[in-house]
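Protein chains in written order, with my numbering: chain A, 1 to 461; chain B, 1001 to 1461.
By construction, these hints were calculated from the structure, which means they are not laboratory data.
Be aware that a few hints might be false.
Stated by the list, open to error - Below, a list of computed lysine-lysine pairs in the BS3-like style, where the Cα atoms sit at most 30 Å apart:
#	chain 1	residue 1	chain 2	residue 2
1	A	452	B	1060
2	B	1060	A	200
3	B	1314	A	264
4	A	159	A	132
Unchecked claim - Here chain A is said to cover these stretches of chain B; the calculated rule only asks that three of the stretch's residues, wherever they fall, bring their Cβ under 8 Å from a Cβ of chain A:
#	region
5	1026-1033
6	1057-1063
7	1079-1087
8	1098-1112
9	1242-1253
10	1430-1442
Note that the structure is predicted; figures quoted are calculated from it, not measured.
Glycine included, each C-beta is placed from N, C-alpha and C at the ideal position.
2 protein chains.
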Amino acid sequence: MKTKNSDNVQTLALFMPEIKESLASKKFIQLRDILSKIPPIDLAEGWDDFIPQEKILIFKLLSVEFVTEFFESLKSEEQEFLFNNLDDSNVAQILNEMAPDERADLFKDLPEDVYQKFLSLMKQKEAADVRKLLTYEEGTAGAVMTTDFVELVKEMKAKSAILKLHESLSFDHDLDIASIYVTDETHKLLGVVELQALIKAPPDMPIEDIMESADHIKVNEFMPEEKVAHVFKHYDLNIAPVVSEDDKLIGVITVDDIVDVIEKEATEDFEKIAAVLPVDKPYMEANFFNLVWKRSFWLIVLVVVESMSAFVLKFNNQTIHNMLALTFFVPILIAMGGNAGTQSATIIIRSLALGDVGVRDFFRVVFRESLLGVCMGITVAVVGSIIVTLMESNWLLSLVVGISMGINIILAATLGAGLPIIFRRLKLDPALMSGPLIATIVDVFGLIIYFKVASLILPAL
Amino acid sequence: MKTKNSDNVQTLALFMPEIKESLASKKFIQLRDILSKIPPIDLAEGWDDFIPQEKILIFKLLSVEFVTEFFESLKSEEQEFLFNNLDDSNVAQILNEMAPDERADLFKDLPEDVYQKFLSLMKQKEAADVRKLLTYEEGTAGAVMTTDFVELVKEMKAKSAILKLHESLSFDHDLDIASIYVTDETHKLLGVVELQALIKAPPDMPIEDIMESADHIKVNEFMPEEKVAHVFKHYDLNIAPVVSEDDKLIGVITVDDIVDVIEKEATEDFEKIAAVLPVDKPYMEANFFNLVWKRSFWLIVLVVVESMSAFVLKFNNQTIHNMLALTFFVPILIAMGGNAGTQSATIIIRSLALGDVGVRDFFRVVFRESLLGVCMGITVAVVGSIIVTLMESNWLLSLVVGISMGINIILAATLGAGLPIIFRRLKLDPALMSGPLIATIVDVFGLIIYFKVASLILPAL
């Protein structure tokens, strides 16, 4: 996934008039020249500005180095459109040259017949690679990795290692060789050589003297992608080796894919804490009825849980009848409980996601939030009481609202912190304890507390 | 900032018994050996498990290659502790060798006298570098960049370029040379050479034939860090050059720092949408009263705004008196408006941050959210009406609650989408339009609508 056109990245726009002019006047050599100056991702992004014939023409004019990267950056509809308008040998060439992970993504969306046809066009090794990558479940290291990498044996000398890199690069100029992996004859991972260590080393130094341990940075093929992201962040990695269960090197993961994982995970947490089932597409591309469902689901759960608040009020029917003014402060009371709960739940859920807080911190966090709740509760209760006094000139009522609001905020902060950690402990997703859900739970308890406090303090009830 | 010990990264724990044993039996050569197997960041993370004497001893035993990286990974209190227990020559050595960006971070927190003392210990060039980096405002490219990089001139041949890299690496083995920059005699940035293109090139090829344009990837020293992150994500960069206003190369930014920026920006958005002023430290390290203030601030704003709901209820005093059952459904009504608003605001704020939605999409987004609101409103209203009918057996009242709830959800979805985009348009932070704030606004309008609908439908009023 590439980021969308943000306001600061507009290389294509600069060249657009020239491109359109060359197209109109059929100056194709000039056009090829212009195209070579535009980063492939920017061209892909402005692709919608061209009509179908222009697209085919431009695509055929792209330089060999650019064409694969450009193709990889296109949306899948556009990839299919081009494939339908190119002859089989062009399609085969692109398929064979695509980065294995991008190619697997393309195959994921293909209808069965096209899938089979494309596989038949590809070299045997590449086709097997696609099949293998597609077996990994979405969200695992295997599904994120790419299978383009260079392996060295530990007896090799630095000079021959560099020659091997030359050779590998001449086959695949997009190969990432910043880190190169050392394996034994069964492809078992032995260690990693940094390219800069290699070029610095004396020509006849054996690789095993340059290599470092890869034990702490290697990831298992089935490791969940968010754990892989943790390893990357922890060790500041640009690239990590992926190994099979029996410790054989089967792929590498690069940091650009990890950046996407980090953003995706954060977006999912944003959705969950707002009580939305995770949507896997950008907002404007998401299906409308899918969005309706993903949001209505939680709204319906919440309306059912929240209905308990109506029972609490009905149960206190007589109290309300005796003092109607009590109802005036019901919204403010439950809103503040909800707000404090949202604050607390969101902060703790994010801290859990970042690893700043863990299950082992349960008691410390809950204690801290309760204390925070006391401080915030008192502050807000004072403000709330003043508002009540200004409206009703009944200091006992002010006291009732203030005390209830304070207790409510303490309760909200405590539950908002505790429930997500308990969820994590139960191996459930802490972000399911969304702000709205915490708020709803607090609403019901908050009203019970309110009427209890009122009955204790107000003589009229 | 490094991530905390997550459950999968526990290299130090494995070695801990051995380390403690070597310390106890004073086997320092064995200890030095064990230490060389532990990644510096893992050692830094478990640092609290050692007593002060052990810390000093272990630090002195660390290998030359590790010591700087280890030191950089420590918390600032621990850095200061070590500096207080090392002699000046050791301090000077570490200060001179630290990565410029990490070093500037250290200096930021120092008291004036220590700051001056440390500067005086450093080489003149390095000291000037610290002073320069500290002039950048937090959150700009200049404050994130490091000043360690290699410059080449365009007339240089590939072979001499590689020799120059050898030489630079022997001074600074942590130098990132995956991309090397080409400048003219005034240090103006001309282009970039990828290390793999360099090692692939024939030895006598001039650099200018290997170099590519850096125009689209270079960032200005004052560019806000979130824009820099956009450039990295857009072009899948591992490293980018930073240039001054007059296009001179002054530093580089590496992707590990950008990963931190992305996480920090997301965390700030989490805090803002939960109505918390941004806290710049991990949860457990944040100052307690600072947290109280950062959360109470918004709670007080919200309690004041929310107090309008009390006025609405008081104004409809007589209506409530005539039909007490109306109040039973006040919490459910306002909660559902709040929930729908939180969903909408959160999704749109996140989409704005990711660049999936922009100011130009205002009408499309608001229209889409209104339509979504209609669909969700009808669904939830039906469920809500059923609950009311079950409780009160008054189908007119069910109708009132259902209609109000539906209108409320539509209003909430529309405001939740529209207000953040309007904020962005006004160059304000969209995330200030937090879920709680939208909920509060919707509460007040929601109640007005409720009583209006009630007065139109219920004959008893």
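Status of the hints after comparison with the structure:
{"no.": "1", "hint": "A:452 <-> B:1060", "verdict": "64 Å, violated"}
{"no.": "2", "hint": "B:1060 <-> A:200", "verdict": "27 Å, holds"}
{"no.": "3", "hint": "B:1314 <-> A:264", "verdict": "46 Å, violated"}
{"no.": "4", "hint": "A:159 <-> A:132", "verdict": "34 Å, violated"}
{"no.": "5", "hint": "1026-1033", "verdict": "violated (count 0)"}
{"no.": "6", "hint": "1057-1063", "verdict": "violated (count 0)"}
{"no.": "7", "hint": "1079-1087", "verdict": "violated (count 0)"}
{"no.": "8", "hint": "1098-1112", "verdict": "violated (count 0)"}
{"no.": "9", "hint": "1242-1253", "verdict": "violated (count 0)"}
{"no.": "10", "hint": "1430-1442", "verdict": "holds (count 4)"}
Checked against the numbered hints given earlier, the structure breaks hints 1, 3, 4, 5, 6, 7, 8 and 9 and satisfies all the rest.
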